[in-house]
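Student: If you want the building blocks of each chain, they are given just below.
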Amino acid sequence: MTLAKKRILIAKPGLDGHDVGAKVIALALRDAGADIIYTGLRRSPEYIVKIAIEEDVDMIGLSILSGSHKELVDEVVAKLKEADADDIKLFVGGTVPVEDHEILKKAGVSGVFTSEMKIEAVVAEIHRQLSGAT
Amino acid sequence: MSSSVQDQPSSHSKEPQHISDPLAKTPSGIEIPITVTPYTAQGTPQAPGEFPYTRGIFPNGYRGRLWTIRQYSGFGTAEATNERYKFLLDQGQTGLSVALDLPTQCGYDPIHPMARPEVGKVGVSLSSLAEAEILFDGIDLSKISTSFTINGTAAIVYALYLAVSDNQGVPRNKLTGTIQNDILKEYVARGTWIFPIHPSMRLIADSVLFSNNETPRFNPISIAGAHVRDAGATAVEEMAYTLANGLSYVEEFKRRGGDINAFAKRLSFFFYVHMDLFEEVAKFRAGRRLWAKLLSERFGVTEDKALHFRFGVVCGGSSLTAAQPYNNIVRVGIETMAAVLGGAQSIFTCAFDEAFQIPTETSAEIALRTQQIVAHESGVARTVDPLGGSFYTEWLTDRMEEEILKVMGEIEDYGGVIKAIEDGYLQARIAERARERKQAVDDGERIIVGVNMGERESREQDSGEVFRLDPEGVRRVIEKYESLLDRRNQEQVDRSLSRLTDAAAKDDENVMPYLVECCHAYVTVGEMVTALKREWGEFREPIRF
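Quick note, the sequences are listed as chains F and P, same order.
Final position of the first sequence in the numbering used here is 142; the numbers increase by one with none missing.
Final position of the second sequence in the numbering used here is 755; the numbers increase by one with none missing.
Watch out, some of these pointers could steer you wrong.
To be verified - Here are the simulated BS3-like pairs of lysine-lysine, each with C-alpha atoms no more than 30 Å apart in a straight line:
| no. | chain 1 | residue 1 | chain 2 | residue 2 |
| --- | --- | --- | --- | --- |
| 1 | F | 58 | P | 743 |
| 2 | F | 89 | F | 13 |
| 3 | F | 13 | F | 97 |
| 4 | P | 690 | P | 296 |
| 5 | P | 475 | P | 629 |
| 6 | P | 716 | P | 629 |
| 7 | F | 87 | P | 743 |
| 8 | P | 515 | P | 616 |
| 9 | P | 716 | P | 743 |
| 10 | F | 126 | P | 235 |
| 11 | P | 690 | F | 78 |
| 12 | F | 87 | F | 97 |
Unchecked claim - Estimated spans, in silico, between C-beta atoms of each pair:
| no. | chain 1 | residue 1 | chain 2 | residue 2 | range |
| --- | --- | --- | --- | --- | --- |
| 13 | F | 54 | P | 704 | 24 to 34 Å |
| 14 | F | 140 | P | 655 | 25 to 35 Å |
| 15 | F | 54 | P | 747 | 17 to 27 Å |
| 16 | P | 743 | F | 54 | 14 to 24 Å |
| 17 | P | 248 | F | 78 | 55 to 65 Å |
FYI, nobody ran anything at the bench for these hints, they're computed from the structure.
Cβ coordinates follow ideal geometry from the N, Cα and C atoms, glycine included.
Bound-form chain F, shown alone (with noise of 0.2 Å):
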């Protein structure tokens, strides 16, 4: 398995400051082959998908531990269809109660990953998403 030639966005949106989830995923994307370009803290969704699309990139991962998912999920997809980059996958990961894994998904999510995933079935099930999109 291997996600070479794919490039990944790690960014993590509003304010929060726990950057450790993101780190920790980029890593072992990276291992997996990937390109990763991570935004750092506090980035505006407005800023993600204007990287997002100057890099070229296959998916955004979105990391979110303040509970405001809901809101800054919408904001990028909005942010994605208006740039007409909505072809992008999306996946968030963080503190995301079970309840909302669905209410994203249906918002334009590909998938929620929380922290008690194993990394290799999170890396696992982006490359399954990503090899089925090419």
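Given the coordinates of chain F, assemble chain P onto it according to the supplied hints.
Tutor: Using the frame of chain F, we list chain P on its own:
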């Protein structure tokens, strides 16, 4: 009985068996012998209350005074949080601990586009004195100590607290409480930095030196390892980074002309307690001893109280799991024991559902009751440092001290804490450690019950009740904010803001009095931060991993 390699029956296979023994090492990687032979500690522990305080800073331990039970709480509006505080105080809580929302922590007013999705989410929105007045309505600030987990905007929140207590008529020298005000670890782990490191250090020195004079019973800084720990650092690294940061602050305050015997008395510390009970106890004993030795050797501190390593803890955090959340009640119980056996001055116990939501009233109450059970039923508080003199405890305390010093040495060799942060070296180190920890859990090397042992298929959280923020709350926060802008005296706002800007431009001026003046004029947190950013700029995060 230990399940160590030696105890296993020999294998039929010719290949050497690598049976991993989960009991062989502490989470910090210290190898533990099956039996610690009779052992005399290197720094043979003196009596509690005697330098270097391995056995505690007070000769009478908790018999003189129990620890402060301080539950972290705050959400949504100031009104809702005020109600929760009154509930907690009625239930026997002895200090308040204010959770602030991210816009307040990062210095954005609630109407800022970056702030809107986050208003009231992880804490209460506190955008001006008007909100602080509501938050503390009916709570006598001369009688209660209040702790604020606030860093980037700590000086401003402290100014708000001064303003609200001024208005209550409380003399400043009666105020007790704590602001976290530890920016160094924000750059490493928690991420609510605003300004570059140097002006941030100045702002901290301003508030600490101001507090030494104005609010002598207030703790103007709580040097925190908790967040790097929760992000992935080991217990050894948690203590090492914290002591290294602590020394950086001491140097800065000294450089600013502070009297070390005066300000060192008001320094306090804050840590996580995770699950390895003896490693946690040894961490606190080793840290307490090291701090006293470092201050005395490097800075010539002589006064007893200035050498005292006072610390608060939080039990729970990332040691809690979203899977099978009721297990967390047991975890927090054990961690509370470790905190008490380690000699903590204040304890915050996480609620069992805290891994995935803001606690409900029920889960918050169980967390509080956990402390009361340990305090009043378990008997562990009867005598000072009850584990002192145990072969294992003393041996592990010495080992922890060695390991902590080793990590501190690595940081010094790198060029010191500030360089390590500016380069992103510490940040990258934490991320690596987090990955190792996660991998060890994924591989089953490190057992977390409910996650990789005894896990169930059902992904249901089974948490009983679900906490829901009042969706009307955000709207009310914004309405109140807008109405404040209409009714305050704009001339006074402009004047105090321009005086603040002038003070910020001068390195030798203390900005605290100007912040308090701004607060009294109902200048908002976002406005004060914007003014300071104009003078000082913003931190540029090193992206490295």
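Student: Tell me the hint numbers this structure goes against, listed in increasing order.
Tutor: none
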